[in-house]
Amino acid sequence: MRTDREPRLGIRLSTMTAASAALVLTTACTAGSTDSAGVSSAGKPTVRVALGVDASYAPFYLAMERGMFEKAGVNVELVKTEGGPAAAEAVSAGTAQISANADSTALPLMASNPGLRSLGVFQSSDRYLKVVLRDGITSPKQIKTMASIGGLGLYATHQYLRHNGIDPKSVKIPQSSPPEIPGMLKQGSIDAYILFEPWAAKGDADGGHIAGRIGDFGVRYVQWLLTDQKWLKDNEEVAGKVFKVVAAADKLVADDPAAAAKASNQQVKLPAAETTKVLPEITFAARGINDTDVTESKKIVDFLLDQNLIKKSPDLGTSLLKGWYEQHAK
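The sequence shown runs -31 to -1, 1 to 299 under mature numbering (1 follows the signal peptide of the UniProt record, and there is no 0).
Since the hints were derived computationally from the structure, they do not count as laboratory data.
These numbers were taken from a predicted model, which means no experiment stands behind them.
Among the hints, erroneous ones may be present.
Claimed, not checked - Here are the simulated distance ranges between beta carbons:
#1 GLY292 to GLY157: 46 to 54 Å
#2 LYS291 to ASP203: 16 to 24 Å
#3 GLN111 to LYS267: 52 to 60 Å
#4 ASP224 to THR261: 42 to 50 Å
#5 LYS40 to GLY152: 40 to 48 Å
#6 GLY134 to ASP271: 14 to 22 Å
#7 ALA217 to GLN156: 41 to 49 Å
#8 GLU51 to ASP175: 20 to 28 Å
#9 ASP136 to LYS280: 36 to 44 Å
#10 LYS220 to GLY134: 21 to 29 Å
#11 ARG35 to ASP203: 26 to 34 Å
#12 ASP260 to GLY42: 20 to 28 Å
#13 LYS299 to LYS110: 43 to 51 Å
#14 LYS238 to LYS267: 19 to 27 Å
All residues carry an ideal CB built from backbone N, CA and C; glycine is no exception.
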């Protein structure tokens, strides 16, 4: 069986060319004219934050709309990526200073880039990613082909199959990108997938039905803010300011999903009505790395090693900065 190859792309960080790094920057939500670690014309430090485009990044969109970073004394530029490993790869390439990544996506990249650091958690969920089955598939036992994205998607796919007594080796697991997968379901080339919104709803509307959430089979993700130690050692105060704004925006999103949805629409054109509906499925709360994070990360690393997606474990004691959030961002 051929399964995930996206993490392998993330592992080859050192081979990322200057040209491909420049391509990442062409998708910036706000154009910047300063160096990646430069100072804006207003004298404020410039920080590029790489992230995907979906409702889970609503705190960043809301903070940008309300000028919260600027008020905190930091010039932040949001750099859109395709999601998954691409955001952290931008940090490793030096085209962004901070990224937002799920734990299971970040960990294989940490294995190949020991300089990556997790500063803390800004959101989590066991409800946002959903299982979508093709119409006509009434039992997991009927699944022969199940599409997946890398990182969290692949981990959740394997856990779902095992939870239902299915050996993942008996199921074809082709890799694709989120926008393509619902179409594959509609065409009948796959039987199922696990994805976040709006792609779960897309599959539900086009030839499939939502059959559960990742929490139903014991999977929960956390989203980290990541950076590189080389940048962090000279910019801890700046990183702390960025995280404080994200933490404040988390609370605003939780209190007023409609306002967060409007900001998401203004920043990245996400449909406001759909975003308002799914935001309550995510727990927007910032905190530091704790012992549970380390334990869960170890489980994910063991999975990656078992799948031969990484050759060695990252040093979790070094990569996950326990206590950093409490010292610099709380």
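Hints, one by one, checked against the model:
Range check, GLY292 to GLY157: Cβ separation about 51 Å, and the 46 to 54 Å hint holds. The beta-carbon spacing between LYS291 and ASP203, approximately 21 Å, falls within the hinted interval of 16 to 24 Å. A hinted range of 52 to 60 Å is violated for the C-beta pair GLN111 and LYS267, which are about 33 Å apart. For ASP224 and THR261, the Cβ-Cβ distance of about 26 Å falls outside the hinted range of 42 to 50 Å, so the restraint is violated.
Between LYS40 and GLY152, the C-beta spacing of about 42 Å keeps the proposed range 40 to 48 Å intact. Look at GLY134 against ASP271: about 21 Å separates their beta carbons, and that is inside 14 to 22 Å. Checked against the hint of 41 to 49 Å, the pair ALA217 and GLN156 passes, with Cβ atoms roughly 44 Å apart. In this structure the hint that GLU51 and ASP175 lie 20 to 28 Å apart at CB holds, the actual value being about 21 Å.
Separation of ASP136 from LYS280 is about 24 Å and departs from the stated range, judged on CB atoms against 36 to 44 Å. As the Cβ distance of LYS220 to GLY134 is approximately 41 Å, the hint placing it in 21 to 29 Å is violated. Against the hinted window of 26 to 34 Å, the Cβ-Cβ separation of ARG35 and ASP203 comes to about 28 Å, which satisfies the hint. In this structure the hint that ASP260 and GLY42 lie 20 to 28 Å apart at CB is violated, the actual value being about 33 Å.
Checked against the given bound of 43 to 51 Å, the beta carbons of LYS299 and LYS110, roughly 48 Å apart, stay inside it. At roughly 38 Å, the beta-carbon separation of LYS238 and LYS267 lies outside the given 19 to 27 Å, and the hint is violated.
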